[in-house]
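Colleague: Below, each chain spelled out in residue letters.
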Amino acid sequence: MTRRFAVQVLVVGGGVNGAGVARDLALRGVRCALVERREFGSGTSWASSGMIHGGLRYLQKDPEVTLHSCVDSGAIQRIAPHLVFRIPFLMPVFPEDPIGPELVEIGLEMYDRYQPFKNGRPHTRLTRAQALHLEPALSPRLDCAFTLDEWGVDAARLCAANALDAAARGAVVATHTEVVDFLREPGSGRVLGARARDRLTGEEIEIEAELTFNATGPWSPRVAALADAQVRLRPGKGIHLVFERRVSDLAVYARGVDGRDMFTFPHEQNSMAGTTDDDFYGDLDRIPVTEDEVAYVMEAMERSLPGIRRHRVIHTTEGVRPTLFAFGVGETDLSRDYAVIDHAGEGVPGLFSIAGGKLASYRLMSEDATDRLCRVLGVREPCRTADTPLPGGDDELDVLATAKRFRTPLPAVVRLAFRHGSGAAALLEAQASGAATAPRVVCACEPVLDAELLHVAKREGVRRLTDCALRVRLGVGACQGAACAGAAAGIVGEALGWSPERCSQETAYFAAERWRAVAPALGGAQLAAIEIHRHVHLGGRGFTGSDPSPPAAASETVPAVASEAPE
Amino acid sequence: MVIGGGLAGCAAALELAAHGADTVLVRRGPGSTAMIGGCLDLAGASPLRRGGPPVREPEYGRVLSPRARLAMARQHSHPYARAVPASTLESGVKEAAAALDAWLEPAGLRAVGGLDETRWLADVRGAVRASDLSLTGPAEGALDGAAELALVDVPGLQGWDAQAALCQLASERSTLGLERVPLRVIRLGLPEGWIEAGGAPARLAQRFESPEGIEALQRAVSKLGTAGRLLLFPPVLGLLGVGRVLAAVVESAGCRVGELVGALPHTPAGFRLDAALRAALERSGVALRSASVASVEESDASARAVVLEGGESIAADAVVLAAGRFVGGGLVERDGALREPLLDLPLYDLSGRRVDGVTPRRLIRRDYEGEQPLFASGVRVDGRLRPLSPDGTPRLANLFAAGDLLGGFDPARDRTGAGVALFSGRRAGIEAAAAAEAGPC
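One line per chain: the protein sequences are G and L, in this order. Numbering (the working numbering) for the first sequence: 1 to 567. Numbering (the working numbering) for the second sequence: 1 to 441.
Excised from the complex, chain G in its bound form (with noise of 0.2 Å):
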């Protein structure tokens, strides 16, 4: 059974764009439907360095780059305060490196004018004692610092606020639905629409739209061949290892052998290094990290911090941008801009496309391209996602009183409000003031709670336990889900009236995929934590549900696209 529905416009991916597009569109007044193949973000947002930085890189080459990412900056800190965290920079300079520090300073004279529109300060120029008092765990060898600003931002959730809203505001969204095939005019060739089916229930879905959207990133190439049209793009891998808790108190400059700029970040609960660039040819799907990345980023980070291999790293993001394509340029001198393509222009009407770009500036992006679907639609409502609170974004929460009303351990409502804002009150208010009990954590991690997972299960759409690793970062810390995985799937299972042994193929399935960012760097103390993982979840299983993939899931056949559940 088909079915059937219409919209003006359909998105296609549910990463920042295809979110963003579909919140600005919905903000318009317009009635749109948007469905992600996965889970929000899953692809390349999340592997991203989660950061709506300026750019510093791209100042000489793109300033454009970094004007529209400064100024995006600014408005998503407005939009969305809660999501958004201050990460103060060190650059060292090395007695060997090929730029000084006069040229430096030049440098950064030239980004500090961005800086106010992104609410960062102006850099300052450190001596060597200050540099290593600031951050001891910088190598001795540096002959001076500067320190410049920049902010983070939790990119999956910042995709999911985006789509919810879209959703709270009359939109439809699907996850784990996969477009399959444009539905076509016959003779003109014009895109009406598509056909998706649901990933999980083999559900086929008609949507009829006047105009779609495709924002599929990476696959977009894949995604617009399915109508005869074409994205050319340059893809470029990119992978960060991810440490179990903060290496350092900054973010740490860090050159690559040969030469190309990195950083060590401190992020959500954790450090990131990162990140690498590469042409990538292979299965998007399948993005595999090799033992030599892992090894040049290793090497860069231990020329700034010389300890940095003390440090455990507990797991790899991957993921491929879907940069513009160019011919006969380095990957990292590949511009960062973006296109809006319209395929009328090769004989496919109704069908556009987005290309290139960055995090940062996604919303300034999703406004250019709503600007351009209104056009054709003649929609004439003003961009209003630059001032429009993101859900949560509109208040501050009072951490310590909330924590103290719903008898909650206090680190765990300052992370609830990190990703729901002042939306956490209500959360606890809805999920926990029901039951006798106080909130209970459930992955200790991060942490999260189980009022937390009710909610997202409940009022947020998630489809699978492994959506919650983006969603609400179950099971992403030190232990891998070793201790919460079960006991989540119980939880999320409960509220979505899951069998038992949907509960445990979903469980293993979380297991087999935290396997699969784990393994690339497994090493040193994570071996340990590993070795556990691997006792909860192979030797503490029961009778009923080993197959790690639900039934659906498993029997699909999308010739297209692989399956992501592994073999």
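Just so you know, these hints were derived from the structure itself, not from any lab. We put the beta carbon where it would ideally sit given N, CA and C, even for glycine. Careful: at least some of the hints might be erroneous.
From the structure, some residues in chain G lie toward chain L, with a derived Cβ separation under 10 Å [said to hold, decoys possible]:
1) Arg121
2) Thr124
3) Val441
4) Val442
5) Ala483
6) Cys484
7) Glu494
8) Ser499
9) Glu501
10) Ser504
11) Glu513
12) Ala519
13) Val536
14) Gly539
Use these hints to put chain L onto chain G, whose structure you have.
Modeller: Same frame as chain G, now just chain L:
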């Protein structure tokens, strides 16, 4: 000298002491023994797929007896196969189970079972397992013979969801074809604010063994007992004094009471086991040293002394190495390579391939549930549990290895970790006692 203080090291030290050897056990901590959930499989999970994780019942159509499972585990490179003649394995494993019970009993902890019976135990998730040997607490929670199963909901306890466990338990039961007795959840009425914010299980277990805790428990269960009912608690009935707490609850409830098998973060059973083993060491006169070992001194193909970090050297006539795998520190990654850190012993995976010096990530495979060479690797031993050199001869005449450090099996997949620790630990202790008796070689 015994290096390592988990189940294997303690078993070795207790056997050494029993054989009259002057024994020192040095350890950093209890290692993975602290994470035991309360059942110690001897013969492997039922059913067991060759070299693989437990599989669903339909693949076998029946539950295998402990003996059949032991015979299966014995295959290939498993320590059970390497260490003994087949004819003595069964009796050896049974003796090991009895020995453990005798060691623990004075501390009020029992190890119940052996190869002659299989108990059906449920864990905190509601997953059911066939257990050969279980500790006080979970042992009393055997599903067999109950006319009604009542899961006790302790509201606010971290990682515990009675309703979810109930659903899982019901599903497991029907898969296994176990007797269909009524299942229900009963909520435990505790005073307001009894469980602290966040619901940490260890804190609650500790609170329950205090006098006020026992009183609160007794009051809460006093009306819950009915004929034939089995009250199943999450594993929080005391941190160490489980026997005492259990007896008080049984008395007040007037029906059978047991704990569910623990899983992280519910592992009081591991703490209880560790405490009881330490008490046994003390009674046996084993000197327990909390320290890290820096090196083992050797000369003339024999171990002569164990050097602690800090420089202290302890002379030894025989050395048992039972430092576990990655959790215990028996295997480490050093400069990107897999190593046995004390003697740089050669390491082998399931298929007998040499793996020391190899980068860990080259020893793993994509399939999480499949065979992972890295997690089945360890030292290879001769029939007397002496680690072998690459040429197949014992590395040192008086060095013995036991427990997870032994390679050739994957305890997470075949679940024989505790059985191997107990069995090989005892054997290593006996062999080391003989070597020490024989005097310096």
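Colleague: Does each hint hold? Answer for all of them.
Modeller: Quick rundown of the hints versus the structure:
Given hint, G/Arg121 at the interface with chain L, is violated; its Cβ is 37 Å from that chain's nearest Cβ, farther than 10 Å. Contact between G/Thr124 and chain L, as hinted, is not supported at the beta carbon level, the nearest pair being about 38 Å apart and thus beyond 10 Å. For the restraint placing G/Val441 at the interface with chain L, the shortest Cβ-Cβ distance is roughly 5 Å, inside the 10 Å limit, so the hint holds. Taking 10 Å as the C-beta contact cut-off toward chain L, the hint placing G/Val442 at the interface holds, the least distance being around 7 Å.
Taken as an interface hint, G/Ala483 checks out: its beta carbon lies about 4 Å from the nearest beta carbon of chain L, inside 10 Å. With its C-beta approaching chain L no nearer than about 7 Å, G/Cys484 sits inside the 10 Å limit, and its interface hint holds. Checking G/Glu494 against chain L: minimum C-beta separation of about 6 Å stays under 10 Å; hint holds. Hint status for G/Ser499: holds, given a least beta-carbon distance of 7 Å to chain L, under 10 Å.
Hint on G/Glu501 holds. Least Cβ distance to chain L is approximately 6 Å, under the 10 Å limit. Checking G/Ser504 against chain L: minimum C-beta separation of about 7 Å stays under 10 Å; hint holds. Satisfaction of the interface hint for G/Glu513 is found here, the shortest Cβ-Cβ separation to chain L being roughly 9 Å, below the 10 Å cut-off. Given the 10 Å rule on beta carbons, the hint for G/Ala519 holds: about 6 Å separates it from the nearest Cβ of chain L.
Checking G/Val536 against chain L by beta carbon gives a least distance of about 6 Å; that is within 10 Å, so the hint holds. With a cut of 10 Å, the hint placing G/Gly539 at the interface with chain L holds, because the nearest CB-to-CB distance is about 5 Å.
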